[in-house]
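Participant: The lines below spell out each chain.
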Amino acid sequence: MAVTRIDCDIHPAVGGTRTTLLPYLDDHWKEQVVSRAIDGLDLTSYPPNMPLSGRPDWRPKGGKPGSDLGMVQKGAFDQLGASHAICNVLYGAQAVYDPYMASAFCKAINDWIAAEWLSADSRLRASIVVPMQAPDLAVEEIERRAGDSRFVSILVLAQGETLLGRRHFWPVYQAAEKYQLPLAIHAGSAYRFAPSSIGWPSHRYEYYFVEAQAFQAQILSLIYEGVFGKFPNLKVVLMESGVTWLPAFMWRANKTWRGVRVEVPWVEREPASIIRDHIRVTMQPFDAPPDRTGVEDVVDQIGSDKMFLFASDYPHWQFDGDDAIPPHLPQHIVSRMCVDNPLETFPRLKLAA
Amino acid sequence: MSDVIDRPILEKEATAATRLRIVDCDIHPSLHSRADLNEFLPKRWQEHLKTYGDHLRTPYIGTTPYPRSSPIICRRDAWPPTGGPPGSDLAFMRKQHLDPYDVEFGILQVLDLFIFSQQNLEFGAAIQRAINEWQLAFWAHRDPRLRASILVGQDDTVAALAEIDRCARTGEYIQINISPRANEPLGRRRYWPIYERAQELGLPLGIHVGGYGGHAPTGGGWPSYYCEEHQSNAHTMAAQLASLVIEGVPERFPALKIVFIEGGFGWIASAMWRMDQHFARFRSEVPHLKRRPSEYVKEHFWFTTQPIDEPDEAKHLRQLIEWVGIERLLFSSDYPHWDYDDARFAFKTPLTEVERKKIFSTNARAVYKL
Chain L
1 MAVTRIDCDI
11 HPAVGGTRTT
21 LLPYLDDHWK
31 EQVVSRAIDG
41 LDLTSYPPNM
51 PLSGRPDWRP
61 KGGKPGSDLG
71 MVQKGAFDQL
81 GASHAICNVL
91 YGAQAVYDPY
101 MASAFCKAIN
111 DWIAAEWLSA
121 DSRLRASIVV
131 PMQAPDLAVE
141 EIERRAGDSR
151 FVSILVLAQG
161 ETLLGRRHFW
171 PVYQAAEKYQ
181 LPLAIHAGSA
191 YRFAPSSIGW
201 PSHRYEYYFV
211 EAQAFQAQIL
221 SLIYEGVFGK
231 FPNLKVVLME
241 SGVTWLPAFM
251 WRANKTWRGV
261 RVEVPWVERE
271 PASIIRDHIR
281 VTMQPFDAPP
291 DRTGVEDVVD
301 QIGSDKMFLF
311 ASDYPHWQFD
321 GDDAIPPHLP
331 QHIVSRMCVD
341 NPLETFPRLK
351 LAA
Chain R
1 MSDVIDRPIL
11 EKEATAATRL
21 RIVDCDIHPS
31 LHSRADLNEF
41 LPKRWQEHLK
51 TYGDHLRTPY
61 IGTTPYPRSS
71 PIICRRDAWP
81 PTGGPPGSDL
91 AFMRKQHLDP
101 YDVEFGILQV
111 LDLFIFSQQN
121 LEFGAAIQRA
131 INEWQLAFWA
141 HRDPRLRASI
151 LVGQDDTVAA
161 LAEIDRCART
171 GEYIQINISP
181 RANEPLGRRR
191 YWPIYERAQE
201 LGLPLGIHVG
211 GYGGHAPTGG
221 GWPSYYCEEH
231 QSNAHTMAAQ
241 LASLVIEGVP
251 ERFPALKIVF
261 IEGGFGWIAS
271 AMWRMDQHFA
281 RFRSEVPHLK
291 RRPSEYVKEH
301 FWFTTQPIDE
311 PDEAKHLRQL
321 IEWVGIERLL
331 FSSDYPHWDY
341 DDARFAFKTP
351 LTEVERKKIF
361 STNARAVYKL
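First to last, the protein sequences are chains L and R. Mapping the first sequence onto my numbering, position 246 (from 1) lands on 246, and the numbers just tick up by one. Mapping the second sequence onto my numbering, position 301 (from 1) lands on 301, and the numbers just tick up by one.
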């Protein structure tokens with residue numbers, strides 16, 4: 001292959017629990033999903049027919065976008081020029097209320113992606129899908145899959161049952177640190193809470209807009225609860241979060257921390273510097289300013305070239321054409337985001353499978 | 001640490017001949033005591049207030065859900081020597097804020113007895129009327145610099161319209177205030193009658209941070225700390241900007257002016273970029289939008305500046321101001337709250353005299369027809 005370029009966010013699609021996942025469920029759950037018709041767990045966040053959920057040229061006939069391995073290989077590798085890609089499965093296991101069912105579906109998803117995707121193409125890697133509804137079961141699932149180095153991160157939703165910094169999740173981060181698995185927070189909601197503080201929006205467009213705020217709330221939660229003090233080697237990757245909100249968000253976080261740090265004395269330095277050290281962000285969508293100067297200014301304001309990770313968000317329709325790199329990015333950012341930053345962020349990402 | 005700082009008002013503060021008289025779009029007057037409202041409140045509701053208190057979607061009756069960094073969120077040097085809470089003594093407000101900063105107009109934002117979020121709608125209607133009358137009697141009529149807003153509980157639209165009409169007849173109020181944490185996102189249809197009336201009356205719609213809408217302060221749930229909750233105010237304002245724009249409120253009410261108060265303005269540029277970026281993809285969902293979202297923002301919305309962002313590099317603040325647009329910014333101090341912005345020092349980047357004049361005075365004079 002000509003160039004190394006690691007795509008940190010692509011989305012293979014699960015057809016359903018009674019179809020795709022059935023062979024990977026144990027007898028109890030096989031019987032349950034069939035007899036109770038437990039299926040159709042595509043997240044409300046991504047209705048498959050919505051334009052954002054699949055670029056027109058990446059939609060297989062008769063299946064969901066991302067459901068056809070051959071098509072994903074053609075799009076993500078041949079067309080967009082990635083040499084490796086990290087699969088993040090967004091089927092609804094993370095939103096199930098029953099913790100045992102959630103755990104069973106997460107296992108099935110992980111075993112399915114290993115057997116039918118990772119084993120079929122040595123360029124593919126995957127995130128471990130975990131049931132954060134029951135952190136002890138999430139740790140079990142990480143332990144179960146950690147021996148397989150093709151799993152390079154832990155995938156959770158931006159909007160789950162509680163904010164991610166809370167203490168009951170810390171065993172998950174202990175396991176993450178132990179196995180060098182960054183925590184990948186991906187856009188998507190379990191719909192436990194309104195998508196934002198203002199309530200339930202009318203449109204998918206509003207919902208998608210406010211998802212960027214959920215990521216910001218998660219960063220604040222992780223910082224102020226003291227997760228990075230407790231787990232200094234933990235990295236967190238924001239996936240499909242948008243990027244250009246970072247500067248103003250960091251300014252406000254710094255200002256608020258200066259004023260109110262008395263309530264979180266364990267946070268001993270400015271949030272922005274913690275963010276630059278621990279938070280990474282995929283570059284689709286970027287949500288760019290309209291001109292080159294604006295893009296350069298935003299990158300300068302963010303103040304780090306280590307945070308950016310190349311990603312196409314395949315098959316989501318974030319851009320047209322064959323170039324997944326947002327326009328006008330300075331060259332030093334482009335060169336780091338495709339290889340160096342992903343390798344530093346995902347230490348298990350050994351390029352030779 | 002003592003609860004109160006007895007800080008002398010410095011000579012240079014008292015006498016500083018500021019080069020520019022300012023319009024301060026966010027000043028918080030406070031009740032000296034709830035009994036101040038009695039003259040405006042029917043006996044039944046006085047008794048209700050004493051017996052049941054206000055009913056808000058929050059765990060405590062005596063304080064905010066997230067303990068603030070200072071008593072009742074205020075500057076420690078803002079407690080009037082005459083007693084009562086900060087913001088309750090006009091003479092002291094004049095001495096500490098209005099006079100030394102040469103405030104030409106100060107726009108009142110009342111947060112006492114948070115009328116916007118009262119669960120008992122009849123009680124809410126009674127106290128919103130009392131608060132609106134109190135603003136005139138205790139403040140605007142006593143100091144011509146101070147201007148009152150019509151506070152209305154947005155979730156009882158019928159009562160809100162009646163109160164707007166009652167107040168508007170006086171000709172003394174300069175905007176209509178609702179809360180950004182309402183039962184539903186503010187773009188939704190149930191609130192349109194308020195916008196229609198605001199447009200008819202030519203009064204801007206003011207949306208000041210705060211409220212108890214019942215939803216978690218973040219889309220990921222309830223945070224543990226005030227530092228998280230405090231920052232969520234900016235998210236609330238950005239979400240409301242998206243709701244109002246995407247539901248087509250400016251498209252449906254083309255003469256409506258909307259002022260976002262105490263949300264700061266750091267988040268606005270990226271909010272416009274994000275809305276514009278995804279407009280093409282979602283256009284078929286919102287065919288009522290005729291223009292790109294940022295175009296509506298740049299014509300219909302204004303933003304008060306406090307709490308102003310403080311990037312490490314002055315040029316970054318400058319870039320931000322240019323992205324948002326000088327025309328959109330209205331200076332505000334948030335007196336007497338702890339995160340008050342001082343008009344002399346708030347903008348840590350050079351501004352030309354023309355720019356300064358717009359932000360500190362003429363933009364607000366135009367929006368509010370002062």
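Everything labelled a hint here was simulated from the structure, so no lab data went into it. Certain hints may be false.
Said to hold, decoys possible - Beyond 12 Å from chain R on every Cβ pair, some chain L residues (computed):
(1) 3
(2) 32
(3) 36
(4) 61
(5) 68
(6) 199
(7) 230
(8) 258
(9) 262
(10) 287
(11) 300
(12) 334
To be verified - Per the computed footprint, the stretches of chain R lying under chain L, defined by three or more beta-carbons under 8 Å from a beta-carbon of chain L, are:
(13) 234-245
(14) 261-272
What the hints assert, rightly or not - To list a few chain R residues with every Cβ distance to chain L over 10 Å, as calculated:
(15) 69
(16) 181
(17) 200
(18) 326
Note that the structure is a prediction, hence the values are computed from the model and not measured. Cβ coordinates follow ideal geometry from the N, Cα and C atoms, glycine included.
Participant: If a hint holds in the structure, say so; if it doesn't, say that too.
Facilitator: Outcome of the hint check:
1. The Cβ of residue 3 (chain L) lies farther than 12 Å from every Cβ of chain R, with a closest approach of about 27 Å, so its non-interface assignment holds.
2. No beta-carbon of chain R comes within 12 Å of the beta-carbon of residue 32 (chain L); the shortest separation is about 29 Å.
3. At roughly 29 Å from the closest C-beta of chain R, the C-beta of residue 36 (chain L) stays outside 12 Å, upholding its exclusion from the interface.
4. Taking the minimum C-beta to C-beta distance to chain R, about 22 Å, the non-interface status of residue 61 (chain L) holds against the 12 Å cut.
5. With 12 Å as the threshold on Cβ separation, the claim that residue 68 (chain L) sits away from chain R holds: the shortest Cβ distance comes to roughly 22 Å.
6. Its closest Cβ contact with chain R, about 5 Å, brings residue 199 (chain L) to no more than 12 Å, contrary to its assignment away from the interface.
7. Every CB of chain R lies more than 12 Å from the CB of residue 230 (chain L), the least distance being 15 Å, so the non-interface label holds.
8. A beta-carbon of chain R is positioned within 12 Å of the beta-carbon of residue 258 (chain L); the least distance is around 9 Å.
9. Not every Cβ of chain R is farther than 12 Å from the Cβ of residue 262 (chain L); the closest lies at roughly 7 Å, contradicting the non-interface assignment.
10. Not every CB of chain R is more than 12 Å from the CB of residue 287 (chain L) (nearest about 4 Å), against its label as outside the interface.
11. In this structure residue 300 (chain L) is not separated from chain R by more than 12 Å, as the shortest Cβ-Cβ distance comes to only about 8 Å.
12. The claim that residue 334 (chain L) is not at the interface with chain R holds, since no C-beta of that chain comes within 12 Å of its own (minimum 19 Å).
13. Look at the segment 234-245 of chain R against chain L: 8 of its residues bring a Cβ nearer than 8 Å to a Cβ of that chain, three or more, so the hint holds.
14. With 6 residues having a Cβ less than 8 Å from any Cβ of chain L, the segment 261-272 of chain R passes the three-residue criterion, so the hint holds.
15. Separation of residue 69 (chain R) from chain L is inadequate, the least Cβ-Cβ distance of about 5 Å not exceeding the 10 Å criterion.
16. Once the 10 Å rule is applied to beta carbons, residue 181 (chain R) is inconsistent with being away from chain L; the minimum gap is 6 Å.
17. A cut-off of 10 Å between C-beta atoms confirms that residue 200 (chain R) is not in contact with chain L; the least separation is 25 Å.
18. No Cβ of chain L approaches the Cβ of residue 326 (chain R) within 10 Å, the least distance being about 17 Å, so the stated non-interface status holds.
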